[in-house]
Amino acid sequence: MQALQGLAILLTLQSAGEALSRLLQLPYPGPVIGMVLLLGALRWQAVQVRVQTVASFLLDHLSLLFVPVGVGVITQFGLVAEHGLRLLVVIVVSTWIGLAVTALVLRRLMKTTSP
Amino acid sequence: MTDFVQLWVYLASTPLFGLNATLVVYLLALAFYTRMRQAPWANPVLWSLVVLGAGLHATGTAYPTYFAGAQFIHFLLGPAVVALAWPLWQRRAELRARWGRFTLAAVAGGAAAAGSAVGLAWALGLPSEVMLSLAPKSVTAPVAMGIADKLGGSPSLAAVFAVVTGLVGALSAKPLFALLGIGKDATGWMARGFALGTAAHGIGAARALQVHPDAGAWAALALGLQVVTAALLIPLAARWF
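Sequences listed follow chains Y and S, in order. For the first sequence, our numbering gives the first residue as 6, with consecutive numbering after it. For the second sequence, our numbering gives the first residue as 219, with consecutive numbering after it.
Isolated chain Y, as found in the complex (with noise of 0.2 Å):
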């Protein structure tokens, strides 16, 4: 029941924020202003209850939820492999970089203020 009523809160949340981003003409997409809106919400008792189960649940799963994507990636190759391998070293040498920087600034604050 409870995961039931938390499912409908994030669905409920995601057409504020879909309704929210077209109305305001907005350049974020729906379902970010929804979590906004429910990291709002949160701090009500009766809210966190309800969305516990159902986020740890999505969230818990959420490499299933990119299959179907995915799936599309695959059949939609041709598109990588006409720009080829040069399309494929800049997305690698990129996640590299992004990877390498984030760990390492975070680790750098990290460790030169906290005790």
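Rather than coming from a laboratory, the hints here were simulated on the basis of the structure. Please read these numbers as outputs of a predicted model, since none were measured by experiment. No false leads were mixed into what you were given.
Below, a list of computed lysine to aspartate or glutamate pairs in the EDC-like style, where the Cα atoms sit at most 16 Å apart: (1) Lys116/Y <-> Asp403/S; (2) Lys368/S <-> Glu347/S; (3) Lys368/S <-> Glu23/Y; (4) Lys392/S <-> Asp403/S; (5) Lys402/S <-> Asp432/S.
Go by the hints and put chain S onto chain Y.
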């Protein structure tokens, strides 16, 4: 034999097929991944894609036919993005105390990933539609598609790049972090998880969650932060160029 073919044609034309195949193949891939002791190369998303892609190719099933069923799983990405507020809320005390540092790391990492992708694409002479679609590639696929669309890139290319980015991160993070000397203490797990959530979004975060619960929590937090900062900053940054 023709009966079987007719049955197959019937089953393949209902949404049930795509939904069922996605769920079963993913669960099998997950069991394989567990048996391989969560080796990076055994990544469950990667093998699900390979098996499902090969299956569609072998049976001559069109992607839209498959997606008619798989869309029910795909749809949950929206509520999952909203649900990212939960890990942010759970870590709110740490976030409040050190929000400046986390935001700085998220923005620095996100900018490095997006900037190096666009810069490399430009240096290698890739067309501008491809460049614009590369910018949001470190953000989770549904958000990346939205951003690329608003920038004038191609949403489908952006989704392709985001998925490949997530897989590259999940597959290669372990040796990369070892090379950089990121340890396996509390700060190390924080840096590893946070970096995966920032640079390799949901697929990277899922990998972090499987490796270590702390790394997973930091990855989910980074994913939430990245969605907000990227959605905020990429369209602004693109306006200057």
